[in-house]
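Going down the list, the sequences are from chains F and U. Numbered by UniProt numbering, the letters in the first sequence go through residues 1 to 312 in order. Numbered by UniProt numbering, the letters in the second sequence go through residues 1 to 312 in order.
Everything labelled a hint here was simulated from the structure, so no lab data went into it. Here the structure is a predicted model, which is why all the values come from computation and not from measurement. Any given hint could be a false lead.
No distinction is drawn between identical chains; accordingly, a pair holds when it is met within one copy or between any pair of copies.
Claimed, not checked - In silico SDA-like links for lysine to any residue, alpha-carbon gap of 25 Å or less:
no.: 1; residue 1: 33; residue 2: 104
no.: 2; residue 1: 120; residue 2: 2
no.: 3; residue 1: 120; residue 2: 4
no.: 4; residue 1: 120; residue 2: 3
no.: 5; residue 1: 33; residue 2: 298
no.: 6; residue 1: 120; residue 2: 1
no.: 7; residue 1: 33; residue 2: 295
no.: 8; residue 1: 65; residue 2: 107
no.: 9; residue 1: 65; residue 2: 80
no.: 10; residue 1: 120; residue 2: 17
no.: 11; residue 1: 120; residue 2: 36
2 protein chains.
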Amino acid sequence: MIDGLPMVVPEPGLPDRVRIHEVGPRDGLQNEKAVVPVEVKAEFIRRLADAGLATIEATSFVHPKWVPQLADAERLMPMLDGVAARLPVLVPNERGLERALALGVREIAVFGSVTESFAKANLNRTVDESLEMFAPVVATAREAGVTVRGYLSMCFGDPWEGAVPVGQVARVARRLLDLGCDELSLGDTIGVATPGHVGAVLTALGAAGVPVERLAVHFHDTYGQALSNTLAALRHGVRVVDASAGGLGGCPYAKSATGNLATEDLVWMLDGLGIETGVDLGRLTATSVWMAGHLGRPSPSRTVRALSPQEL
Amino acid sequence: MIDGLPMVVPEPGLPDRVRIHEVGPRDGLQNEKAVVPVEVKAEFIRRLADAGLATIEATSFVHPKWVPQLADAERLMPMLDGVAARLPVLVPNERGLERALALGVREIAVFGSVTESFAKANLNRTVDESLEMFAPVVATAREAGVTVRGYLSMCFGDPWEGAVPVGQVARVARRLLDLGCDELSLGDTIGVATPGHVGAVLTALGAAGVPVERLAVHFHDTYGQALSNTLAALRHGVRVVDASAGGLGGCPYAKSATGNLATEDLVWMLDGLGIETGVDLGRLTATSVWMAGHLGRPSPSRTVRALSPQEL
Numbered sequence: 001m002i003d004g005l006p007m008v009v010p011e012p013g014l015p016d017r018v019r020i021h022e023v024g025p026r027d028g029l030q031n032e033k034a035v036v037p038v039e040v041k042a043e044f045i046r047r048l049a050d051a052g053l054a055t056i057e058a059t060s061f062v063h064p065k066w067v068p069q070l071a072d073a074e075r076l077m078p079m080l081d082g083v084a085a086r087l088p089v090l091v092p093n094e095r096g097l098e099r100a101l102a103l104g105v106r107e108i109a110v111f112g113s114v115t116e117s118f119a120k121a122n123l124n125r126t127v128d129e130s131l132e133m134f135a136p137v138v139a140t141a142r143e144a145g146v147t148v149r150g151y152l153s154m155c156f157g158d159p160w161e162g163a164v165p166v167g168q169v170a171r172v173a174r175r176l177l178d179l180g181c182d183e184l185s186l187g188d189t190i191g192v193a194t195p196g197h198v199g200a201v202l203t204a205l206g207a208a209g210v211p212v213e214r215l216a217v218h219f220h221d222t223y224g225q226a227l228s229n230t231l232a233a234l235r236h237g238v239r240v241v242d243a244s245a246g247g248l249g250g251c252p253y254a255k256s257a258t259g260n261l262a263t264e265d266l267v268w269m270l271d272g273l274g275i276e277t278g279v280d281l282g283r284l285t286a287t288s289v290w291m292a293g294h295l296g297r298p299s300p301s302r303t304v305r306a307l308s309p310q311e312l
Numbered sequence: 001m002i003d004g005l006p007m008v009v010p011e012p013g014l015p016d017r018v019r020i021h022e023v024g025p026r027d028g029l030q031n032e033k034a035v036v037p038v039e040v041k042a043e044f045i046r047r048l049a050d051a052g053l054a055t056i057e058a059t060s061f062v063h064p065k066w067v068p069q070l071a072d073a074e075r076l077m078p079m080l081d082g083v084a085a086r087l088p089v090l091v092p093n094e095r096g097l098e099r100a101l102a103l104g105v106r107e108i109a110v111f112g113s114v115t116e117s118f119a120k121a122n123l124n125r126t127v128d129e130s131l132e133m134f135a136p137v138v139a140t141a142r143e144a145g146v147t148v149r150g151y152l153s154m155c156f157g158d159p160w161e162g163a164v165p166v167g168q169v170a171r172v173a174r175r176l177l178d179l180g181c182d183e184l185s186l187g188d189t190i191g192v193a194t195p196g197h198v199g200a201v202l203t204a205l206g207a208a209g210v211p212v213e214r215l216a217v218h219f220h221d222t223y224g225q226a227l228s229n230t231l232a233a234l235r236h237g238v239r240v241v242d243a244s245a246g247g248l249g250g251c252p253y254a255k256s257a258t259g260n261l262a263t264e265d266l267v268w269m270l271d272g273l274g275i276e277t278g279v280d281l282g283r284l285t286a287t288s289v290w291m292a293g294h295l296g297r298p299s300p301s302r303t304v305r306a307l308s309p310q311e312l
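Whenever a hint applies, use it, and build me the whole structure from the sequences.
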């Protein structure tokens, strides 16, 4: 890094602090074909926490048949004892919740869809049926004192349906809050959003009684739009941003190698804006370079590439 | 492309129209080692114009020894007769201007530096000496009725000096305007800017009497920041944005393959915001894929990759 860069210049209307919800170990790795050894996953999470990430989505309790990469959840979680970060896990249904609770998990997430096409493709259910499936999961988790995040996928566009009406996003968001979700993450699963659209969705959610304090945004960089959409969301009051170390992960429905917003690119912008994240960019970049070595290909993050030449 | 995407949602405070200053044929190609045949360059420019780009920086009249890739300027320009676009060219000095004027060029650009280190490295002069060198070039061009653009490089950071004081940018900008430049392009040559910094520089320029109507921005995507910085500049009144088709080009001083903001990623955002550019994204992407074939490597533009799988 060049001393004194990025230059810190705050901007009015933006928050002092943003919480990054790191999704690399779960969302980033889940589509990797070659199974990453559980020891490497544990080390990855430990390094992310050491770099200052305070929330790290660790794994998924989906049936091993569907996501073989994360079939080691029962082995992974006990290896993370003592990691100084919140470690939410994805839980698809009641069986997954039982497995997570048996391991002492304190935070879970359910993965819903705003569109019928993706609910059918991903969950083999209608949107309403999937919400019914989540209802007992959320209720049981809450009774156990477990925090629940609700993911809403395809909030800005869908490969089958095209543009998604903002009212449809608001309806599903309202339902997930009513089920008892503590936080909602608005996913641009195929990366098609632009800043005005982000503002329109957030405004519609506000009008539907969804407080912005309970929202996170989850942008994909498929069309290079993730960071400017994040900036738009911050201007609208969002304070929690999902990102993936090194830009790991991709959506199998997009014809592109690029996936999640890279945590490093986000931290560069937030550092420049003087917005606290608690993350040390140098340590984070070193972690992504180390992980890229295990995966055998360079990180797609622009910031990682600029700061650390990778010979892969 | 998926029908109906990006969804068009305008945002208050942004312009109705942006003029894209396409720099691919000059800035994008100048660092390519293998010389691109002049016929391919002419075809590239013709295709860019057909895709709706109204300003295309065509080549440079720098001494062929320094930029061998653009040594064919005298052959290229006559091949562009009838291309329906403004075709500015870079001109380093009086000799370059003579060559350009002899070919009937109607718009030129001079390439200055805000920092002493880069002026020394790139021009082997101090900043003041380089401005003295430009003075007769600008004066002669203006007398001939030729429009002059002034590039300011290293406006946001410099690999040797780190952060660049905003007052230093304003001073050089003011001097270039006083010399007679019609338009100034603020370059983030190493891609380190963030949105608050962009606002601070534009505010300082306004205070120094540089009208925003005469400004363009030229962001590099080295750290993934180019598009969010562009959004910040649009909010501050900038209406001209430099970009490079397919993201062609890179800065030899940055350890990264990524260079200029990709025109396609910019157009995706502006299309979504309902901001007119006159550009047809499908034709532009096809042009970048065609050019990537000639260069033998895939375009780094996220949008190009998402819209057109490239087998390179």
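Verification of the supplied hints:
no., hint, result
1, 33 with 104, "neither (29 Å within a copy, 58 Å between copies)"
2, 120 with 2, "between (49 Å within a copy, 19 Å between copies)"
3, 120 with 4, "between (50 Å within a copy, 21 Å between copies)"
4, 120 with 3, "between (51 Å within a copy, 20 Å between copies)"
5, 33 with 298, "both (16 Å within a copy, 23 Å between copies)"
6, 120 with 1, "between (46 Å within a copy, 22 Å between copies)"
7, 33 with 295, "within (10 Å within a copy, 31 Å between copies)"
8, 65 with 107, "within (23 Å within a copy, 63 Å between copies)"
9, 65 with 80, "within (24 Å within a copy, 59 Å between copies)"
10, 120 with 17, "neither (38 Å within a copy, 40 Å between copies)"
11, 120 with 36, "neither (29 Å within a copy, 49 Å between copies)"
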